[in-house]
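Put together the whole structure using the sequences plus the hints.
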Amino acid sequence: MRTAEPPTYEQLQARAEAYCAKREACRLTVRRYLVEKYGAPNATVEEILAHLVREGFIDEQRYAKAYANDKARFYGWGVLKIRAGLAEQGIPSGAIAEALDGVSVEEQRALLRRLLESKLRTLPSADGESSLRNKLLRLAASRGFTYELASSAVEEALAKQLHEEK
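Take 1 as the starting number for the sequence shown in the UniProt record's numbering and just add one per residue.
Please note that a few of the clues may not be correct.
What the hints assert, rightly or not - Listed next, with one range per pair, are the computed distances between beta-carbon atoms: (1) S93 / E36: 24 to 30 Å; (2) N69 / R138: 21 to 27 Å; (3) R133 / G56: 47 to 53 Å; (4) N69 / A18: 22 to 28 Å; (5) G94 / D127: 26 to 32 Å; (6) A97 / R32: 46 to 52 Å; (7) E107 / P6: 24 to 30 Å; (8) R133 / A4: 54 to 60 Å; (9) R121 / P6: 51 to 57 Å; (10) R32 / Q61: 18 to 24 Å.
These aren't lab readings, by the way, just hints derived from the structure by calculation. Note that this is a predicted model, so its numbers are computed, not measured. The C-beta atom is built at its ideal place from N, Cα and C for all residues, glycine as well.
Structure representation (structure tokens):
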């Protein structure tokens with residue numbers, strides 16, 4: 001039985017370029033891709049990563065902005081969860097701060113308001129206001145919203161629900 005030849009440096013570089021051309025990627029995701037899928041040695045991976053950065057295939061600032069935008073808009077994440085996700089991927093704190101500047105507080109507030117109102121519809125109102133408040137605060141915290149934003153949005157949602165019940 002014939003075993004497959006390991007990919008050459010040029011093949012790995014071409015695959016990494018194709019990977020980066022399809023989606024925004026950071027150094028960590030490209031590293032994982034090359035090592036896990038192709039078993040590329042670390043020295044080769046470092047050379048390829050340097051090439052990708054030099055040629056503009058990898059731009060961590062651009063990646064951070066795209067990540068923050070996507071997670072906020074499509075996944076309903078708050079800034080704390082986005083910051084943690086970017087830091088976990090080794091993105092520099094300056095790039096993270098700049099990316100989070102692009103996430104509007106008003107968009108976050110509107111997103112959280114919709115999330116809380118949706119959750120309130122599924123919770124039994126017999127639970128009591130304190131229990132509802134705690135459940136909603138836990139939900140907001142798990143999605144990465146700041147306490148200040150979460151507490152004001154929870155109070156608004158509970159007041160709106162109370163007003164609708166009357």
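Any hints from earlier that this structure breaks? Give me their numbers in increasing order, please. Of the numbered hints, 5, 6, 7 do not hold.
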